[in-house]
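Enquirer: The lines below spell out each chain.
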Amino acid sequence: MGRSAGLGENRYPNLANYLVLVGGIGVAITVFLGTFWAPDVNPSQWRAPEAYRIIFLHVPFAWTSFLAFTVLFIGSLGWYITHSDKSWRLVQTGSDLGLLFGIGVITSGPIWGMAEWGVPWDWADLRLNTFGLLTAIALFIVMARRSQPDHDSSRDTIASAGLFGFMLVPITIIATTIYQKRHPGIVVLETEDTGLDPQIRAVMLLGFASLTLLFIGFSIISNHLYSLEASAEDILKDMDERPGGE
Amino acid sequence: MTVTGPLLTASGVTVQRGTRVVLKDIDLAIERGEIVTLTGQNGSGKTTLLETIAGLHSLKKGRVKATYTNGNDIIIRDLKGRRTPAPGVSLALQSVGACLDESVIERLRTASSVAGIKIDDEALETEMEKWSVLHRANDRLAILSNGLRKRVSVLSALLPAMFSNHQRLILLDEPGDGMDDESKNILKSSIMMMKDSGHSIVIVTHDTSMVELSDRTVALSNGKITTSIQKSRKPSHVPLLDSYDDNSGIKEFCRWIVAIERRNPVDTIQRLVPALLALFLIRSVGLEDITNQNTYSLAFYLLIPALVSVMARPALIDRLSEERSGDWWRAHLGRSVRPYATILGGPWLLPLPLVYLSFAVISFNATQIDQSAQYWLWLPALALIDIGIAATAIQMLVSGLERSGAVAVSLMMIILIWPFMMTLEATALLLEEGFQYNLGFDTPLGLIILSSLISAGVWLSAVVIPDQ
Amino acid sequence: MSGFYHLLLADSILIGILVIYGRWVLLRHRSLEDFRTSIIQIQPLPPDEGEA
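In order, the protein sequences belong to chains Z, V and H. One point on numbering: in my numbering, the residue at position 233 of the first sequence is 237, and numbering is uninterrupted. One point on numbering: in my numbering, the residue at position 41 of the second sequence is 1113, and numbering is uninterrupted. One point on numbering: in my numbering, the residue at position 37 of the third sequence is 55, and numbering is uninterrupted.
Hints listed in this document are in silico derivations from the structure and should not be mistaken for laboratory results. Source: prediction; values computed, not measured. Errors might be hidden in some of the hints.
Unchecked claim - Example chain V residues on the side facing chain Z (calculated, C-beta under 7 Å, incomplete):
(1) Gln1088
(2) Gly1090
(3) Ile1341
(4) Glu1474
(5) Leu1511
(6) Phe1513
(7) Leu1517
(8) Ala1534
We put the beta carbon where it would ideally sit given N, CA and C, even for glycine.
Please construct the entire structure, taking both the sequences and the accompanying hints into account.
Expert: Structure follows, in structure tokens:
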């Protein structure tokens, strides 16, 4: 770990600022359009017709958390193989953002589930359960990073936890598939075959795009800040090792 | 054939511990029959070097290898992740390196058995008397003074060499610490005896009288070797080990796990008490409400006490972290420790009796249960054992963190909900329809097998990721 | 039940999560700024004198 980031240069890259701004505005517009412009669904077919509008953020949040978990996985694998600080930044960023967006998915999903189906959780739903599992892993990693002294052996165990989490994804797929055979799942989304209303599709795409931009912006900022924190820590450690410092 | 090269070589070894690089580019060869002392200020890296020779630390650079009779090298540790317990090595850490529930004589026998050395009782007692620990032979280390514990720890490292006809390497970290003068004299005479027998010894010490015994003094400062002073040395003619067999160590580890639990059944009690509490609570909720419901609910309440027992934190984790006992085992067994520990540290005893006890307590009034169900409840009990072993593996993975008490390990165990749900389904089917011999997603046998396979997959995921 | 309150709750949580994260990132940035300011006021480090 060196002082490569340099504390003198501690503004976010401008690109990240713009991405967060544009993404944030996009999210606001998505919520607005989703609430007031997207068409109503047939009340005879839906128990809670207004609650369906949760989809406009819920699904993009799921997509974004998938991106974040991918970053976490790449970082964990990268750290395991190379022990590079760059990989560790990905673990830090991926776990923070995976937790952030994952919590969004596993809170909005059950809220919608309670409204529409009367049950908060569906054990047969692969996506919900996989995201739930990975969010729990992300929470574990975030807690571990905050509670453990930061050195290679802690990072090794935390990266192992990340890899362990991902090895559980195929296990979850198998388990929910088997569960579905006995307990057919509730369909969360209409499939491509049934077709989405063009307006609904448009708002969802806006949601996807906005959250993706927001995610990229947050990732850049997060990486940058963790880099700066590492530099700050290096300086503090140098001060520790001065005579009388430790 | 006489092999003349060094017994063990560390080449270009760099070790980072925490955020510090503790050893930098160390080259050190230990010759046969040589006593080497490692000296230096606190923080110079001498203990880390000793432990690295024992294969305890991952390397940032370099490798450590040992040599055998036919000249083949064994890689103790390298960057590719290869890791083998150093053959013919006995280690005494600065801590006791043993679970304090072990008795003195157990400790000494364990250390010898791990080394593949059988010592008869009389010879052992003679040595124990010489070291003034015989009077405490059957006492647990927990009740001994630090000085006595240290004596036992050092003696356990020296014993295999005392009774071995083959070359051994003894690693001692501050062996004289906490010892009185008389004990130190016994220690020094034992060391000289080892040397005369041709064994090699590496000692980390501040004690100048210990340094005087050595053939070579290696001084470290700031992670580097600054001086290496060689005196004259008698060549060793003790034959090297013919082959390396780690099975004796693994068998001993398994025996140790069982013996410690029998001595102090903390694990059993930790699992049993919450399970019984759960059962009593279920019983007191109102049996009628439970037994009048469908078999699915009945199965759920039936399995809950056993589930509670298998998810409890295994006592083995704390035993291995006590006085660096786990590090001692890792030095002698390498990577094998974790897979064996996760299996043997799992909940073997309780799920079966708990399932049947729950059945007896909860379901005696239930009318919707198939008559033959009670003969097959051992199947879900087995599946719960598998879940427990997977839970143990996850707990051990997390215990690798320095402050493992500061993280919520339950977050990592959520995956075990699925094998439990499958076991639950299987139990409900058993209760309702009895056992069916065919396999399928809707048969008890099929679901139990699937549940166990998922648990095995989780276990594998937690165990196969290399233990650094 | 139209689910309007569920919609309100879910959207509030989702947007709230983003806002909380953004604020947290801002606070981290500020604390690093403060650290930088305090470091500038400290004397340069003495030369390395060897072992710690």
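Enquirer: Each hint should be assessed against the structure and marked as holding or not.
Expert: Status of each hint after checking the structure:
A distance limit of 7 Å between C-beta atoms decides the matter here; for Gln1088 (chain V) the minimum to chain Z is near 6 Å, and the interface restraint holds. Interface restraint check for Gly1090 (chain V): the shortest CB-CB distance to chain Z comes to about 4 Å, inside 7 Å, so the restraint holds. At about 28 Å, the closest approach between the beta carbon of Ile1341 (chain V) and any beta carbon in chain Z exceeds 7 Å, and the interface hint on this residue is violated. Annotation: interface hint on Glu1474 (chain V) holds; nearest CB of chain Z at approximately 6 Å, less than 7 Å.
The closest approach between the C-beta of Leu1511 (chain V) and any C-beta of chain Z is roughly 13 Å, which is over the 7 Å cut-off, so the hint fails. A cut of 7 Å between beta carbons decides the hint on Phe1513 (chain V): the least distance to chain Z is about 5 Å, and the hint holds. Hint status for Leu1517 (chain V) relative to chain Z: violated, with the closest Cβ pair at about 14 Å, above 7 Å. Evaluation of the Ala1534 (chain V) hint against chain Z yields a held restraint, the C-beta minimum of about 6 Å falling below 7 Å.
Taken one by one, the earlier hints fail for this structure at numbers 3, 5 and 7, listed in ascending order.
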